[in-house]
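Peer 1: One letter stands for each residue in the lines below.
Protein chains: 2
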Amino acid sequence: MPEAPKADQPTTRSPRPAKASNLRGGIDLGGTKIQAIVIDDAQTVMGQARRPTPTKGGPQDVVDAMAEVLNAAADAAGVTTSSLRGVGVGSPGVIDHKAGTVANAGNLPDWKDPFPVVSSLGGLLGTKVEVGNDVDTATQGEFELGAATDYKSILGVFWGTGIGGGIILNGKPWFGRGAAGEIGHVVINEGGRRCTCGRRGCMEAYAGRMAMEIRARKLHDDGKKTDLFKIMEKRGRPRLTSGVWARAMDHGDDLAKELLDEAVVALGAGVGSCVNVLDIEAVVIGGGMGIRFGQPFVDRIEAAMIPHILASDRPPAVLLGALGDLGGAIGASLLIK
Amino acid sequence: MPEAPKADQPTTRSPRPAKASNLRGGIDLGGTKIQAIVIDDAQTVMGQARRPTPTKGGPQDVVDAMAEVLNAAADAAGVTTSSLRGVGVGSPGVIDHKAGTVANAGNLPDWKDPFPVVSSLGGLLGTKVEVGNDVDTATQGEFELGAATDYKSILGVFWGTGIGGGIILNGKPWFGRGAAGEIGHVVINEGGRRCTCGRRGCMEAYAGRMAMEIRARKLHDDGKKTDLFKIMEKRGRPRLTSGVWARAMDHGDDLAKELLDEAVVALGAGVGSCVNVLDIEAVVIGGGMGIRFGQPFVDRIEAAMIPHILASDRPPAVLLGALGDLGGAIGASLLIK
Numbered sequence: 309m310p311e312a313p314k315a316d317q318p319t320t321r322s323p324r325p326a327k328a329s330n331l332r333g334g335i336d337l338g339g340t341k342i343q344a345i346v347i348d349d350a351q352t353v354m355g356q357a358r359r360p361t362p363t364k365g366g367p368q369d370v371v372d373a374m375a376e377v378l379n380a381a382a383d384a385a386g387v388t389t390s391s392l393r394g395v396g397v398g399s400p401g402v403i404d405h406k407a408g409t410v411a412n413a414g415n416l417p418d419w420k421d422p423f424p425v426v427s428s429l430g431g432l433l434g435t436k437v438e439v440g441n442d443v444d445t446a447t448q449g450e451f452e453l454g455a456a457t458d459y460k461s462i463l464g465v466f467w468g469t470g471i472g473g474g475i476i477l478n479g480k481p482w483f484g485r486g487a488a489g490e491i492g493h494v495v496i497n498e499g500g501r502r503c504t505c506g507r508r509g510c511m512e513a514y515a516g517r518m519a520m521e522i523r524a525r526k527l528h529d530d531g532k533k534t535d536l537f538k539i540m541e542k543r544g545r546p547r548l549t550s551g552v553w554a555r556a557m558d559h560g561d562d563l564a565k566e567l568l569d570e571a572v573v574a575l576g577a578g579v580g581s582c583v584n585v586l587d588i589e590a591v592v593i594g595g596g597m598g599i600r601f602g603q604p605f606v607d608r609i610e611a612a613m614i615p616h617i618l619a620s621d622r623p624p625a626v627l628l629g630a631l632g633d634l635g636g637a638i639g640a641s642l643l644i645k
Numbered sequence: 309m310p311e312a313p314k315a316d317q318p319t320t321r322s323p324r325p326a327k328a329s330n331l332r333g334g335i336d337l338g339g340t341k342i343q344a345i346v347i348d349d350a351q352t353v354m355g356q357a358r359r360p361t362p363t364k365g366g367p368q369d370v371v372d373a374m375a376e377v378l379n380a381a382a383d384a385a386g387v388t389t390s391s392l393r394g395v396g397v398g399s400p401g402v403i404d405h406k407a408g409t410v411a412n413a414g415n416l417p418d419w420k421d422p423f424p425v426v427s428s429l430g431g432l433l434g435t436k437v438e439v440g441n442d443v444d445t446a447t448q449g450e451f452e453l454g455a456a457t458d459y460k461s462i463l464g465v466f467w468g469t470g471i472g473g474g475i476i477l478n479g480k481p482w483f484g485r486g487a488a489g490e491i492g493h494v495v496i497n498e499g500g501r502r503c504t505c506g507r508r509g510c511m512e513a514y515a516g517r518m519a520m521e522i523r524a525r526k527l528h529d530d531g532k533k534t535d536l537f538k539i540m541e542k543r544g545r546p547r548l549t550s551g552v553w554a555r556a557m558d559h560g561d562d563l564a565k566e567l568l569d570e571a572v573v574a575l576g577a578g579v580g581s582c583v584n585v586l587d588i589e590a591v592v593i594g595g596g597m598g599i600r601f602g603q604p605f606v607d608r609i610e611a612a613m614i615p616h617i618l619a620s621d622r623p624p625a626v627l628l629g630a631l632g633d634l635g636g637a638i639g640a641s642l643l644i645k
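For the record, the sequence lines run as chains U and L.
Residues 309 to 645 in this note's numbering are what the first sequence spells out, letter by letter.
Residues 309 to 645 in this note's numbering are what the second sequence spells out, letter by letter.
Bear in mind the hints are in silico, worked out from the structure with no lab data behind them.
All values reported here derive from a predicted model rather than from experimental measurement.
All residues carry an ideal CB built from backbone N, CA and C; glycine is no exception.
Worth double-checking, as some hints may not be accurate.
Looking from chain U toward chain L, a few residues come up when the C-beta cut is under 10 Å (computed) [what the hints assert, rightly or not]:
| # | residue |
| --- | --- |
| 1 | A487 |
| 2 | M511 |
| 3 | I522 |
| 4 | E589 |
My request is simple: use the sequences and hints to build the entire structure.
Peer 2: Quick look at the structure:
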């Protein structure tokens, strides 16, 4: 989640007029892949496409890739992008809604300075574009269409490369000054393990996939046995993806098991802390790791969380995200009203 | 803070009609003392009184004591309690707003079952009574009249026997399902020190005055030198009050210093976690310990907190509660509109 104000506007609007189409586009811009969908007003996905996120070049290359993959999704739906009512993008980094830019998108290539995603992508697609924070749009998706439709106040927990949180209170997203929901950096072990953010003891230092990979590599280098990196190479992955972790677990890999056990403990403490602060009705767990490990791990995280909750007589519901792999793109499409 | 729903109503209203008086009463019902005030609509305290909270008997004895001390405050203001527009009570325990009861008031004598504070105290005082959660009313006091009048979204941190949190977002208190703001039980050290709540690693296990006393006694029993208990006895206190801790610090007591250093580290991590979740504009620090140790410790807590905040370029303001010792009672008086 970004560190800059998101202000009151939920999204950035381009000046293009709204179209009458009942079709919207949604793009989930991740550090690993770009997922695009075309969806109708009955929330049926009419077409979808995905491709790896460019690892070289810069923001324009990423925007070009987003246009390409949305074009492919539109092709699959049998329409042109310019016929869509609009396209919502769930993006990492710092979003400036007034300027229509995204900056400091950490996992994307050479993307430090603000880049005009709204105008650039809007020009390529021939329709209006709105950009929202990826975690917030995914939470909104689960809230409106997914696992949490029965609840008014929820915490979305997106367990992937890092751990992001989306907060909805009484039906409305809570952004704070733009950086609310940074639950990955809740401290669960003061003075403890170094986090990828540079701080110590954050939940993400134990449960973020990136931090888990760093830890696995260190322990492997120190002589601990693991097949994690063999599996990674065999599958042609540049890093320990959720799929690599899952495969290692299937093989009974001890190190993978140990690190995932630690991650569950950390998620239990960190999300439990959030529940003590917010007292929301439901927690929805998504993200690459959350979706890959599914209900069994949601159950484990819930079991690790409950002991930390003070109002122990009525803990929140803990739910697996229902929108699955397409959740990010579906949530982003909701930016288009 | 209570574990039961506070629902939407901020307070419990008795059926008595409102009076035209410009004077209100406020009672801060603490585990150690009962503080009462009479205050006018210009928010000038016209009379005040305090007495120790009964340590024996039951809820009726506590209610009798509340009536007695409010009568003394009214005497000081030159009025009778029945002439007041109403009396607000900031109470620990579980408040049932519909029933007008308080239950499970942990630090008060034999107070488990719901007791009808609104009707009982209202009868004794001859005016309407409203009861709110003590931490929430104190936070509202700082928000409306104290340190945080310039902000819309704040976290009140009440550092005393335990650590309670009051949350105001965009001008409105956030109660969750009644147990929001239980910041004392944010986990700062997973698997760490035993908390007075029975859990492990809570912020309160390191920074709550009760937990600090338990820790001090254990270390003292183990042979560690300290004057804490001598000072306590000399001052005729049954426990390590904030004043005892302050006196020991003034004497350069090593154990007091060590435990207060730990408390500051814990408060930094725990409150920092809350800031990462909520991204509020300001943190107000009050409570017995917070007020006793004042600005120098607020500065230390802020310094310990900043390194944990992800949005490090614009941390919240960290402020000492401005209403001081009377803050609880003044906040409670705001329950009367």
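Peer 1: Would you list, in rising numerical order, the hints stated earlier that this structure does not obey?
Peer 2: Hint 3 is the one this structure does not satisfy, whereas the remaining hints hold.
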